[in-house]
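Sequence lines, in order, name chains X and C. So the first sequence is numbered by our numbering: it starts at 1 and just counts up by one. So the second sequence is numbered by our numbering: it starts at 1001 and just counts up by one.
Don't read these hints as lab results, they were simulated from the structure. Any given hint could turn out to be false.
Derived pair list, reagent style BS3-like, types lysine-lysine, alpha-carbon separation capped at 30 Å [claimed, not checked]:
(1) K1417(C) to K98(X)
(2) K1185(C) to K98(X)
(3) K1417(C) to K1406(C)
Selected chain C positions facing chain X (in silico; Cβ < 10 Å) [unchecked claim]:
(4) Y1192
(5) I1196
(6) G1198
(7) L1199
(8) L1265
(9) G1267
(10) E1312
(11) E1314
(12) M1317
If you anchor each label on the Cβ, the simulated ranges turn out as follows [as the list claims (entries may be wrong)]:
(13) V300(X) to D1387(C): 48 to 54 Å
(14) L1158(C) to D25(X): 47 to 53 Å
(15) D25(X) to G1184(C): 24 to 30 Å
(16) S1418(C) to E132(X): 40 to 46 Å
(17) K243(X) to G1064(C): 36 to 42 Å
(18) E287(X) to E1126(C): 53 to 59 Å
(19) L1158(C) to K243(X): 25 to 31 Å
(20) E1157(C) to K212(X): 38 to 44 Å
(21) E1164(C) to P67(X): 47 to 53 Å
Every value quoted in this text rests on a predicted model; they were computed, and no experiment measured them. Even for Gly, the Cβ is constructed at its ideal location relative to N, Cα and C.
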Amino acid sequence: MTAKPKTAPAPAATWTRKDLVSIRDLSPEELTLVLDTAAAFKQVSAREIKKVPSLRGKTLINFFVEPSTRTRTSFELAAFRLSADVVNISASTSSLSKGETLKDTARNLQALHADVIVLRHSSAGAPLFLAERLESSVINAGDGAHEHPTQALLDVFTIRERLGHVAGLHVAIIGDILFSRVARSDIFALLKLGANVTLVGPSTLVPREFEKLGVRVTHDIDSILPEVDVVNLLRIQHERQRKEYFPSLGEYTAFFGLTRERAARLKPDALIMHPGPVNRGVEIDSEIADSPRSVILDQVTNGLAVRMAVLYLCAGANHTSSN
Amino acid sequence: MLLLRNGRIIDPANKRDEIADLAITDGRISSSLPPGEPFDEIDCSGLVIAPGLIDLHVHFREPGQSAKETIATGARAAAAGGFTSVVCMPNTSPPVDNPSVVTWIREKAEREACVNVFTTGAITKEIAGEELAPIGSMFRAGIVALTDDGHCVQNHELMRRALEYARMFQLPILDHCQDYGLVGKGVMHEGYWSTILGLPGWPSAGEEMIVMRNILLAGLCETPIHCQHLSSAGSVRLLRDARARGVQISAEVCPHHIALTDESLQGYDTNFKMNPPLRAQSDVDALIQGIADGVITILASDHAPHCAYEKEVEFDMAPFGIVGLETELGLFLDLLVHKHKAIDLPRLIAMLTIEPARLLRLDRGTLSPGVPADVTLIDPDLEWTVDASTFQSRSTNTPFNGRPLKGRAVRTIVAGKSVWSLQDSPNSSVAAAASAL
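So that you can see chain X by itself, here it is in the shape it has in the complex:
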């Protein structure tokens, strides 16, 4: 068995990071390196034997202080495919529930020789906090309303795979931008790769401050649909604290939902994306979510390849490229 996928990238000379904390930190070259590495790893998952030994002997801890199914499973599978050993810890099974601090919990994990800690946390900045204090690699799997870097990487990977490039495309991100870590990471990734970005949603959930980054903000979804190459619909949450931000899910759908009528106004080859979990009938019509233009499940598949690439670059690259 070969140590690396057949189209392995050149040794990661330009990747010097121990951690992946935010997309905002990355250069366009680093982003492209992750995408190219992920493309190589995607072929691994299509093989009969889906494993490579890149992280053999390494230990990865999925430390999910906030619940997650899809991201945790994706990281877990990515680690398995790289031959790492994986342990999953959630907030309720960790000593955080006994009052231990995040720092102490993480130092204990490091004392167990964890090579990689994948952290999902409700507090913005928590992954950076750990990355600055631990020798282990820290991968941000979503921190509060800050960033969700691997989601953005899989989003731009999917766009590049389907449309051949990212630069020059017009991408609309629709929904709750204010509280969305996916939106922030997507905005940074898309802008760094040369796309045009328009944010769409209720004025309470789309901060104008984002215009300072060079994105457009609109509250009129119908005006932009014919122009865009990609629509990325964010999950709308109305169950928790959002009742001050818009009156009802029905009104949200009436103004911002991707209904069949609206989908018909998209360019024929426009992509429809969603980071999941999908609220069918709220941000997207159920049939549209399952239509050929929807790449929602491609995103999930690509997430695995992207996370393999991130783990490989942060924790395995030095090891394997020294051969």
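Starting from the known structure of chain X, fit chain C onto it as the hints suggest.
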């Protein structure tokens, strides 16, 4: 008997600014020394002789939180920063909401503190904002002002009655201006950086709403209100207008709000987390302008010690606040006098002495013959670097560690006794530089 020789005496209350000697007899300022008796003398050439500095906004954490600070360590930090009098906030554990806690603090301070420690009392029981604390009894026990600092009375009717009741005792009310509804769970200034960092925002309007409320109530009750630690340009604008109309409203500004902006939070370092939060450059500019044109009359630290382990947590879970007493004068001199030239040295000293003394009706803040000899010797041009490891405070939660500053206190004298001097200060990185004193 002590003679401070040949210094630049700046005593704003008496409009005095001249090179002269200052005599201290039996712990009080005197016009001359009694002839024929022995006395000590300190050469003050090149130094400013100022009335002892007063900080009307500190948290000394006793009773109840002595791991953060004690009255003794807080007082030493004050002395090391040039402050001879401090005013403690009531959000201790238990809070200062009854006369027994007032007495406990006063007696402990008499035994252990090397500077004058005054205390405020809470406006409301448990600082809960629901019913009035025993204001009269606390006044008899010795409080110098009322405040629910750290909290803010949200019920305007209750605030109105507190103002009217306190007027009987001529107790000033100091208010931490924060509208809970608007601020919500905000942990930093709401703006570009909170948007980028994904942290809950604390909008300027959350402060301005209560500043406006206070202006209206000060007018309605014809009684003064002092707004604590102003942070926003809008607050300065409201205050400027109200003061021009003769409303009895005043305000203080803290060093961090003119030294730093919200951009400093990029690294999620909790030593930059304070309440009210660091705001935008336009707010910093407006605060400095407000200081320059006299809209803001008082400077204070909001000295808020916290243990390192309490601060070293996720950003939104960390407590608000930083220590300030030992960097306060240096930052104000560096920024207001040297860098921005917003005010001159006599005005800076007035804002740290006679202005807070007048607000709180303290017999301090001047060098008039007969008053207690609280004196601060200042080298306004001494260049030094903040080193938190030398702090006298029990806590080191400062965003200014390693920052070079110009100007600081070099000796602190309380009731005629030297309680701190730079040249005797152990571990001080500037002791060597100051050894020529």
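Taking the CB of S1418(C) and the CB of E132(X), does the distance hold inside 40 to 46 Å?
-> holds, 42 Å
If you take the shortest Cβ to Cβ gap from L1265(C) to chain X, is it below 10 Å?
-> holds, 9 Å
Check the following: the C-beta atoms of E287(X) and E1126(C) are separated by a distance inside 53 to 59 Å.
-> With a Cβ separation near 58 Å, E287(X) and E1126(C) satisfy 53 to 59 Å, so the hint holds.
Does the Cβ distance between D25(X) and G1184(C) fall inside 24 to 30 Å?
-> Between D25(X) and G1184(C), where Cβ atoms are some 29 Å apart, the hint holds.
Double-check Y1192(C) for me: the hint is only fine if its C-beta lies closer than 10 Å to a C-beta in chain X.
-> Status holds, d = 5 Å.
Restraint check for K1185(C) with K98(X), where alpha carbons must lie at most 30 Å apart = Within the cut-off at roughly 24 Å; holds.
Range agreement (Cβ of K243(X) with Cβ of L1158(C), hint 25 to 31 Å) = Given a distance of about 28 Å, which is inside 25 to 31 Å, the answer is holds.
Is the hint on G1267(C) kept, meaning its closest Cβ partner in chain X is under 10 Å away?
-> Result: holds, 7 Å to nearest chain X Cβ.
How about I1196(C): closest beta carbon in chain X under 10 Å, or not?
-> holds, 7 Å
Holds or violated: is the Cβ of E1312(C) closer than 10 Å to a Cβ in chain X?
-> OK, holds: E1312(C) within 10 Å of chain X, min 6 Å.
If you take the shortest Cβ to Cβ gap from E1314(C) to chain X, is it below 10 Å?
-> E1314(C) check passes; min Cβ-Cβ to chain X is 4 Å, inside 10 Å.
May I ask you to test the hint 38 to 44 Å on the CB atoms belonging to E1157(C) and K212(X)?
-> holds, 41 Å
Checked against the numbered hints given earlier, the structure breaks only hint 1 and satisfies all the rest.
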